[in-house]
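The whole structure should be built from the sequences, with the hints applied where relevant.
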Amino acid sequence: QVTLRESGPALVKPTQTLTLTCTFSGFSLSTSGMCVSWIRQPPGKALEWLARIDWDDDKYYSTSLKTRLTISKDTSKNQVVLTMTNMDPVDTATYYCARARGITGTLFDYWGQGTLVTVSS
Amino acid sequence: QSALTQPASVSGSPGQSITISCTGTSSDVGGYNYVSWYQQHPGKAPKLMIYEVSNRPSGVSNRFSGSKSGNTASLTISGLQAEDEADYYCSSYTSSSTSFGTGTKVTVL
Numbered sequence: 027q028v029t030l031r032e033s034g035p036a037l038v039k040p041t042q043t044l045t046l047t048c049t050f051s052g053f054s055l056s057t058s059g060m061c062v063s064w065i066r067q068p069p070g071k072a073l074e075w076l077a078r079i080d081w082d083d084d085k086y087y088s089t090s091l092k093t094r095l096t097i098s099k100d101t102s103k104n105q106v107v108l109t110m111t112n113m114d115p116v117d118t119a120t121y122y123c124a125r126a127r128g129i130t131g132t133l134f135d136y137w138g139q140g141t142l143v144t145v146s147s
Numbered sequence: 019q020s021a022l023t024q025p026a027s028v029s030g031s032p033g034q035s036i037t038i039s040c041t042g043t044s045s046d047v048g049g050y051n052y053v054s055w056y057q058q059h060p061g062k063a064p065k066l067m068i069y070e071v072s073n074r075p076s077g078v079s080n081r082f083s084g085s086k087s088g089n090t091a092s093l094t095i096s097g098l099q100a101e102d103e104a105d106y107y108c109s110s111y112t113s114s115s116t117s118f119g120t121g122t123k124v125t126v127l
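Chains as they are written, first to last, in my numbering: chain A, 27 to 147; chain B, 19 to 127.
These are computed hints drawn from the structure, not numbers from a lab.
Zero decoy hints are in this set.
Derived lysine-lysine pairs resembling DSSO-like cross-links, with alpha carbons at most 27 Å apart: (1) K92(A) to K71(A); (2) K99(A) to K85(A); (3) K65(B) to K85(A); (4) K99(A) to K62(B); (5) K71(A) to K39(A); (6) K92(A) to K39(A); (7) K86(B) to K123(B); (8) K65(B) to K103(A); (9) K85(A) to K71(A); (10) K92(A) to K103(A); (11) K65(B) to K123(B); (12) K39(A) to K62(B); (13) K86(B) to K71(A); (14) K71(A) to K65(B); (15) K123(B) to K71(A); (16) K86(B) to K65(B); (17) K62(B) to K123(B); (18) K103(A) to K85(A); (19) K99(A) to K39(A); (20) K65(B) to K99(A); (21) K62(B) to K71(A).
Here it is in structure tokens:
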């Protein structure tokens with residue numbers, strides 16, 4: 027049974043750095059073809075893909091947010107961590123992690139429940 | 019990556035069929051057969067409904083079907099049911115990243 031769970035602060039101040047952790051079970055990120063992505067959704071708005079890390083430690087970032095994002099994994103702990111620097115109120119959103127598979131890593135077959143992050147002073 | 023264009027809303031009566039479009043470019047939808055569709059009920063995480071244009075994951079009703087022509091992908095829901103009322107998002111592979119659609123709210127009248 028595949029599960030993912032996001033954890034991190036519910037509230038961050040502008041200019042601070044956000045660190046989110048995705049803890050998963052039911053699969054291994056050392057298995058060929060497995061990937062984990064982060065996706066966010068501002069309240070009432072559409073989904074936005076942020077970043078992806080692959081089983082071989084390849085990393086991919088949203089073009090528009092690339093300078094602010096870092097994704098990493100700890101295979102032994104079954105965790106993927108996303109950091110986003112210089113947070114702004116427009117970054118207020120529910121942040122999801124999702125398992126991705128397939129050669130393009132764009133098939134998101136399992137999602138966490140999401141964690142709402144509010145950026146406010 | 020730019021957002022794919024979807025109609026803001028689509029509605030239909032129970033039992034009817036509806037189709038949601040997802041328009042991109044030759045750099046995303048038109049260039050690859052890696053289009054997926056997700057259903058999202060209020061307050062819930064998205065659920066994969068269609069992958070690689072027209073494939074259904076195990077457990078997804080065969081009332082859901084996908085297709086693609088040129089730069090536009092489509093999701094068709096046949097035999098519309100009350101439980102199908104939700105937001106739907108398309109996504110496509112593009113240049114080592116993923117683009118999502120603008121989202122469509124499906125209302126069952």
